[in-house]
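Undergrad: Sequence:
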Amino acid sequence: MADWTWWLAAAGALVIFELFTGTFYLLMIAIGLACGAIAALTGFGMPLQILTAAVVGAIATGVLHRSRFGAPKRQDTARDPNVNMDIGQSVHVTTWTDGKARVMYRGAPWDVELGPGALAEAGSFRIVEVQGSRLIVANS
Numbered sequence: 143m144a145d146w147t148w149w150l151a152a153a154g155a156l157v158i159f160e161l162f163t164g165t166f167y168l169l170m171i172a173i174g175l176a177c178g179a180i181a182a183l184t185g186f187g188m189p190l191q192i193l194t195a196a197v198v199g200a201i202a203t204g205v206l207h208r209s210r211f212g213a214p215k216r217q218d219t220a221r222d223p224n225v226n227m228d229i230g231q232s233v234h235v236t237t238w239t240d241g242k243a244r245v246m247y248r249g250a251p252w253d254v255e256l257g258p259g260a261l262a263e264a265g266s267f268r269i270v271e272v273q274g275s276r277l278i279v280a281n282s
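If you read the sequence shown in the working numbering, its first letter stands for residue 143, the second for the next number, and so on.
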């Protein structure tokens with residue numbers, strides 16, 4: 143088998159494996175391997191083929207990492223319902239004192255504070271943020 147077919151077979155294997163991971167990083171390495179195949183087709187020796195594949199793969203990976211597709215979004219975990227199961231749950235507050243209250247939630251007493259724009263009146267509230275042992279709530 144010619145060198146370029148090995149390069150393309152390896153690139154194809156990475157593309158298939160990429161379908162299972164859900165990121166684009168293996169795809170960028172596969173692009174580098176495809177460039178190694180192009181270098182083999184043009185007649186370059188094996189060291190230059192490896193160098194081409196490595197450089198193109200590294201550059202493509204770096205460009206992807208700096209793009210909006212590669213960089214993960216930074217999200218405040220105190221407000222992220224995927225991290226904190228309390229976000230979106232409801233609590234019932236009977237009395238407020240200066241925008242603060244104490245409630246039983248999940249079998250334990252919690253401090254509750256009003257979030258921005260919430261009104262201090264008795265009733266049901268939705269948890270929008272958790273800061274330590276304090277629940278920040280908004281009107282339901």
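Mixed in with the good hints there might be a few duds.
Stated by the list, open to error - Now the in silico label distances, taken between C-beta atoms and shown as ranges: (1) Ala-155 to Arg-244: 58 to 64 Å; (2) Gln-273 to Thr-237: 20 to 26 Å; (3) Asp-145 to Tyr-167: 21 to 27 Å.
Please keep in mind that the hints were generated in silico from the structure rather than gathered at the bench. Each residue gets a CB set at the ideal place from its N, CA and C atoms; glycine is no exception.
Undergrad: The structure should be examined with respect to each hint, and the outcome stated for every one.
TA: Consistency of the hints with the structure:
no., hint, in the structure
1, Ala-155 to Arg-244: 58 to 64 Å, "holds, 59 Å"
2, Gln-273 to Thr-237: 20 to 26 Å, "holds, 21 Å"
3, Asp-145 to Tyr-167: 21 to 27 Å, "holds, 25 Å"
Of the numbered hints stated above, none is contradicted by the structure.
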